[in-house]
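Residue numbers (my numbering), protein chains in the order written: chain A, 334 to 542; chain B, 72 to 279.
None of the hints are false.
Below 27 Å or equal to it, Euclidean Cα-Cα: the simulated DSS-like pairs (lysine-lysine) are:
hint, chain 1, residue 1, chain 2, residue 2
1, A, 370, A, 422
2, A, 457, A, 395
3, B, 107, B, 171
4, B, 212, A, 422
5, A, 422, B, 136
6, B, 104, A, 537
7, B, 104, A, 348
8, A, 537, B, 244
9, B, 136, B, 212
10, A, 537, A, 348
I should point out that these hints are in silico values taken from the structure, not numbers from a laboratory.
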Amino acid sequence: MAEIKENAFLGPLNKNNPVAVQVLGICSALAVTAELKPALIMGLSVTIIVALSNVVISLIRKTIPTSVRIIVQLVVVAALVTVVSEVLKAFVYDVSVQLSVYIGLIITNCILMGRLEAFAMQNKPWESFLDGLGNGCGYAMVLIIVAIFRELLGSGSLMGYRVIPESWYVDNGGCYMNNGMMMMPSMALILVACVIWVHRSFNKDLQDK
Amino acid sequence: MEHAITLLFRSIFVDNMIFAYFLGMCSYLAVSKNVKTSFMLGIAVTFVLIITLPINYLLDAYVLKAGAIAEGVDLSYLSFILFIAVIAAIVQVVEMFVEKFSPSLYASLGIFLPLIAVNCAIMGCALFMQQRTGMAETDPKSLNNIVDVIFYALGSGIGWMLSIVGLAAIREKMEYNQVPQALRGLGITFITVGLMAMAFLCFSGLKI
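I would like the entire structure built from these sequences, with the hints used as guidance.
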């Protein structure tokens, strides 16, 4: 029993990472990572929603008829996402504008459906909560890694604070220039590929034959 | 009409669902192993988009918008739940319909049909539609009436299909290539999609 609990939380952080291994929730992982702040908030929102929806579904798992389970799951998730989206609008309005439709798209984020189907429908609430927390954190981790590289190389700052001094830039007589390519959507894909590459080099058993 | 045609081409090439917004990525990566099934999935997605988007548009315009149903009533916070319910319900209906009238198509689409309900491209399209209806009429991205919405749905669907068939074709060829061990499978697919997205960036200068 203790092992299940540990695996439920720690597994998704490494060997069973939702983005790098299970290939879930790629859409938003790529779209919100141009800067660190939206990526952090997105990671946090997804973690909260996955953990809570896992608990709710796990509590009512015995009463849901299998034929309508997808709709029940979607409604639970949609309700939670609505709450989170209203909270974001109230407290961090600028970030919620930046994230635009991607907050609403958490509903169709495959991490949620995948974890609800694969884990919460068979397990007790506490384990499901840990599983949701672990998967959310694993997802947030990849988001943050990609966002750090994109923001640092693309605009020379982190969380909006300047890291690379102004005087280094070509305009001010230096020899440094931002890599504009990093702000393009296509670079996010290539950075995720690099994350997967490094991850699989360390975990040989995950490699494709 | 001219505006609608512009929207169609814009949504295929410039605002491509995959390369510009990364929507529908999960099934895009999972299903693109061979050209035939990915073509089928592309058709199914386009079909569901063309049906659900106009319905969601009407729902948004006549029920959800501030002051649409009665003076001073703003139901827009319900839009997530209602949109996803419409999409899930329509997908279910389409599934039953296809099963009844074309068992061969049903067999070849298999599990993809129910999965479309959670394809982010469909939900994403509905949310973009909600954003775009609020834009100024002269904006090339704005959706002013139901004809625009249908053309936008068609364009987004075709754009999605185009990119999944393209990726599937590349992956079929790549089977025989020597790829570094750790990059095989998922890694190299991501890099391929990244390069395709860069290629599609060229279209963003298109004046239509």
